[in-house]
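Please work from the sequences and hints to get the whole structure.
Residue numbers (the working numbering), protein chains in the order written: chain A, 2 to 252; chain B, 18 to 350; chain C, 242 to 517.
Be aware that a few hints might be false.
[Claimed, not checked] Away from chain A, derived, C-beta distances all over 10 Å, residues of chain B:
hint	residue
1	L134
2	P187
3	L237
[What the hints assert, rightly or not] In silico SDA-like pairs for lysine to any residue, Cα to Cα no more than 20 Å straight-line:
hint	chain 1	residue 1	chain 2	residue 2
4	C	K439	B	V315
5	C	K439	B	I146
6	B	K344	A	T132
7	B	K347	A	G40
8	C	K439	B	K344
9	C	K439	B	E194
10	C	K439	B	K347
11	C	K439	B	R49
12	C	K439	B	V196
13	B	K344	A	F25
14	C	K365	B	M50
15	C	K439	B	I45
16	B	K347	A	P130
17	C	K365	B	R322
18	B	K344	A	T218
19	C	K439	B	L319
20	B	K347	A	S26
Just so you know, these hints were derived from the structure itself, not from any lab.
Glycine included, C-beta positions come from ideal geometry on N, C-alpha and C.
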Amino acid sequence: MSLLALSGFSIGLQGRSVLRDVSFSIGPGEFVGLIGPNGAGKTSLMRAALGLIPSQGTSSLLQLSEAARARAVAWMPQAREIAWPVTVEMVVMLGRMPHMAGLTPSEADHEKVGEALQRMDLDGFRHRPATQLSGGEQARALIARALAQDTPLLMADEPIAGLDPAHQISTMQAFAAQTAEGKSALVSLHDLGLAARHCTRLIMLGDGRLVADGPPTEVLTPERLAHVFGITAWFRETEDGPVYQPLEVIR
Amino acid sequence: MTRSNTMTRVMLPLIAATLVLFCASMLIGPARMSLGDSLSALFAGGESPMALVMREIRLPRALLAVMIGASLGLAGAAMQGYLRNPLAEPGLIGVSGSAALGAVLAIQTGLAASFALGLPLAALAGALISVLLVMALAGPRGTSLTLILAGIAVSALAAALTSLVLNLSPNPFAASEIVFWMMGSLADRSMTHVWLALPLMVLGWALLAGLGRGLDALTLGEDAAQAMGIRLTRLRLMLVIGTACVVGAGTAVAGAIGFVGLVVPHILRPLVGARPSSLLWASALGGAVMLLLADIAVRLILPERDLKLGVLTAIVGAPLFLHLILKLRKERI
Amino acid sequence: MVACVALSFGGAALADAPSAAPQRVVSINLCTDQLAMMLAGEGQLLSVSRIAFDQQVSPMAEEARAYIRNFGQAEEVYMLRPDLVLAGTFTPSHTVRMLEGLGIPVVRFDITSSLDGVRDQIAKMGEVLHRQTAAAHLIADFDARRAALEEERGERPSAMLYYANGYTSGEQSLANDILELAGFSNAAVAAGYEWGMKMPLEVLALSEPDLVITTRPYPGGSRAEDVMQHPAVMALNGNSASTTVTDHDWVCGTPFVLRAAERLAEVRREMASAAQ
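Here's what the structure looks like:
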C-alpha cells in the first residue's frame, strides 16, 4: 500500500518547466528526505502533489476529496505563518480540524495535541500566544500542528531550517519515531548530514528531474554531489551511525 | 482557553449588554413616556398614539441598530480573518461607500420605487463590486499598504460618484443628503426598512457564520488551510457574497457607518483568544452593542438634530485606526 | 415702510428712486417674482428668476414664460442693464453688494410670516414699482376674500404641518395663518412650536392631530421626504379620506395664500360632514 504515488509527474510554472516526468512512491514506515539545490523544485513538487499548484501526470493524493486528503497527508509549508496571537495549544489543535465535525475538540483530539506538544518540547509554551515565540519556537509549534493532524503521511518543507542543533536533531527524531508507527514522512532538507543520518531514503532533485532515489548511502555518491550540488564531501559509516560532512565548493 | 470558558466570559456579558441597551433604546426619545406606559403600549398595542411611537418609531430604530451593528461587526471580523489583516473593515475599504452609491442610484433612477427589494439589491451590487475590486487590488493576503491604498481609491471614487448622482438629482433635498449616505443615521426609520433589510441580512449572516472553520485554518496561511481540507474558492465566494449582503442591506436603509467593523473585533480579539471563529459571533454581538450605544448617544447629545452615527463611530474608531497602523508599521507594511 | 425701502437703496440711487418709476426691473427671488408679475405695468418687468418657472413652487409658472429667465447671478443681472433689482432677504449678500457696487439699486423684501404681512408686501411692491393704484386694488380684493373666510364659524379641527426632514410650522408663520384662516387649529402651536422647527416624529404621533398636511414630493426621491411617508404619519391620516398636501400657493406671501386657505377650508368642510 503506498501513501503517495507519483507517476509521469510534471510541473510547469508560468510557461517554464520546473520538473519533468517524476515518478516514485512512498510506502508505510519510510522517512524520505527530499534534497536538491535551491530552485531544484522541491517545494513545487510537494505543493503540486497536494494539488496546491497545477501539474500534469498523476498523484495519488489528487484522486482524494479535499476532506479525505486532509486525513491522508499533513502539510507544513515553508512560510511559517501564524496570523493571530492564538495560543500554541490552539495552533496545534488546528491540526485536528480534519478529524472534527464541528469546532469542539473531543478527548481524543486533546490527547493527540498533548502528545504533539510533548514531542516538540512545547509543554511549557502551551498557553503562550504563538506570535510571541521566537522563530524556532514557532517552527516547532507548526511541526507539532502537522504531527497532531495524525495522518499516514507527513509532508514538510524545510521544517528544521532555523532551529538550534538540539531541536534540529529532536525534530528529525520525531519524524523518525513516526515511521516506527508505520507512518511516513516526506521532508525537504538542506542539511545533508542530518538527511543522511536520519532518513531511511533520499530523493534527489536536480536539472529539472529526479536524479536519484534510494538509501542515503546509495544516493549521496561523490559524482552526484559534484554534478548536482557542486561540492565535495566526507562520508563515513561510524559506530555512532553515518557521518556526512560537506567540504569544498568545486565550481 | 476552552470554548465554554470563552462563551461564559465573553458571550454572556455581550448578550446581556445587547438586551439592556435594546431596552434603553426603546425608552429614550423626545416623547416623554413613563416606563410602564411604554411597555404596555409596546405589548398591548392598539391604536393609541403611544403604541404608534413604540411600535412604529422606536422599535424599528432599536431593531435596525442591532441588525446593522451585528452585520458590520460580523463582516469586519470575517474580512479580517480572511485577509489576516486587522485593518480590513467594510467602511474603510470602501464597501459601505460603494453600497451607498448603489442605493443612491436605485433611489434616483426609480429602481427602488419599482420593486420592493430594488433598493437593498442595488446596494448589494455596489458592495459586491467593491469587495471584488479591493480583493483583486490587495491580493490574496492583503498587506496593510495595498489594502489601504485600494480602499482609499474605492472609497474616494464611490463618494465622488454618490455626490455626483445626488447633485444631478431633480430633487432639491437630495444634495443635502450626501452626509447621510456618508455618515449614516437611524433617525425616523420604520418597520418597512427592517423588512427591507432583513432577508438579505439573514442570508449574509448565514454565509458569514459558516466561515469559522475556514478562517481558523487560515491563521496558518492559505497553503496550510487548503491542506487541512478547507476549500478556499468556496470560502472566498461565501465571504464576498456574505459581506456584500450584510453591508449592502444595512447601508441601503441607514447609510454608510464606518469603523464598527474595525473597533469591535480589535477590542474583542484578546478576549476570545484571537480565534477567528469565536471572534465572528463575539463581533456580531459587539457590533450590536456599539451601534446601540452610538444611536442612544446621538439622541442624548443632540436630541433635536439628526447627529449622524458615523460621527460617533469615527471619533472612537479613527484614533484606534491610527494606533493600529503604527503597530503594523513595525511588523509588515 | 418708505424709509425702510429708501434705506436699502444704493447710495447714488437714494435721491432719484422715489421720483421716477423704474423701467427695467429684474427680480431674482421667487416671491418678488410673483408680486412683480401681478403689479408691474406694461413692459416694466424684464426678467424673473428661474425658480418662477418651476411648477412645484411657483403658482405663476405659466405667466413667467413672458419674461427673461435669470439665475440670480450678478454678472447676468448686470448685463440686463436693470434700473431696479428686486431681491429677498436670503438672496446671497455678496450678489446684492456687487450689484449695488455697480450702481444698480436693489430692494430686498422680507420673508412674510403673517397674512397682514402679505398686505404690507403688496403695498411695498406697489410703492417700489410706482404702481400704488394697482396695489390698492389687489389689497382690497385680498381683504374681501379674507373676510369671507373669517366669517365661517364652526368646529376647529387640529392640523399639523409636516414637511421634508420633519419640519413643522409654528405660531409665527404664514402657514399657521393659512391654517387658522381655513378654520383649523395648528397642532404645532399646541405642542409648543413657535417657529418653523424640526419636530421629532414621536411628538407628531403623540399630539394626534386630526389632519397631517405634508408636501408633494419632488421627482427623484429623497430621504428627507421619505419621512412624510413614514407608517406613523400614514397611521395618523388613516381615517381621513385624502392626504392633503401643501403646494406652490403656500410658499410666498402673495394673494395665492388665500387660494390655499380656501381649498383647505373645503377639506375641513368635508371632514366635518364625514364625521356626521
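Do the hints match the structure? See the list:
Every Cβ of chain A is farther than 10 Å from the Cβ of B:L134; the closest lies at roughly 33 Å, confirming the non-interface assignment. The beta carbon of B:P187 sits about 50 Å from the closest Cβ of chain A, which is more than 10 Å, so the claim that it is off the interface holds. In this structure B:L237 is not separated from chain A by more than 10 Å, as the shortest Cβ-Cβ distance comes to only about 6 Å. Taking the CA atoms of C:K439 and B:V315, the gap is near 16 Å; set against the 20 Å cutoff, the hint holds.
Pair hint C:K439 plus B:I146 does not hold up; C-alpha atoms about 38 Å apart against a cutoff of 20 Å. At most 20 Å may separate the alpha-carbon atoms for a hinted pair to count; B:K344 and A:T132 meet this at roughly 14 Å. Restraint check: the Cα-Cα separation between B:K347 and A:G40 comes to about 31 Å, which exceeds 20 Å; the hinted pair is violated. About 45 Å separates the Cα atoms of C:K439 and B:K344, which puts this hinted pair outside 20 Å; it is violated.
Among the hinted pairs, C:K439 with B:E194 is consistent with the structure: their alpha-carbon atoms are about 16 Å apart, no more than 20 Å. Restraint check for C:K439 and B:K347: the C-alpha separation of about 50 Å exceeds 20 Å, so the hint is violated. This hinted pair checks out: C:K439 and B:R49 have alpha carbons roughly 17 Å apart, not beyond 20 Å. Of the supplied pair hints, the one linking C:K439 and B:V196 holds, its CA atoms being roughly 18 Å apart against a limit of 20 Å.
Proposed proximity of B:K344 and A:F25 is contradicted: the alpha carbons are some 48 Å apart, above 20 Å. With a C-alpha separation of about 49 Å, the suggested pairing of C:K365 with B:M50 is violated against the 20 Å cut-off. Restraint check for C:K439 and B:I45: satisfied, since their Cα atoms lie roughly 18 Å apart, inside the 20 Å limit. Distance hint between B:K347 and A:P130 is fulfilled; the C-alpha atoms sit about 18 Å from each other, no more than 20 Å.
Distance hint between C:K365 and B:R322 is unfulfilled; the C-alpha atoms sit about 37 Å from each other, more than 20 Å. Proximity of B:K344 to A:T218 is assessed by CA-CA distance (about 51 Å); at most 20 Å being required, the pair is judged violated. Annotation: proposed proximity of C:K439 to B:L319 holds, straight-line Cα distance about 12 Å (limit 20 Å). Of the pairs offered as hints, the one joining B:K347 and A:S26 is violated, with about 45 Å between alpha carbons and a cut-off of 20 Å exceeded.
When each numbered hint is compared with the structure, violations occur for hints 3, 5, 7, 8, 10, 13, 14, 17, 18, 20.
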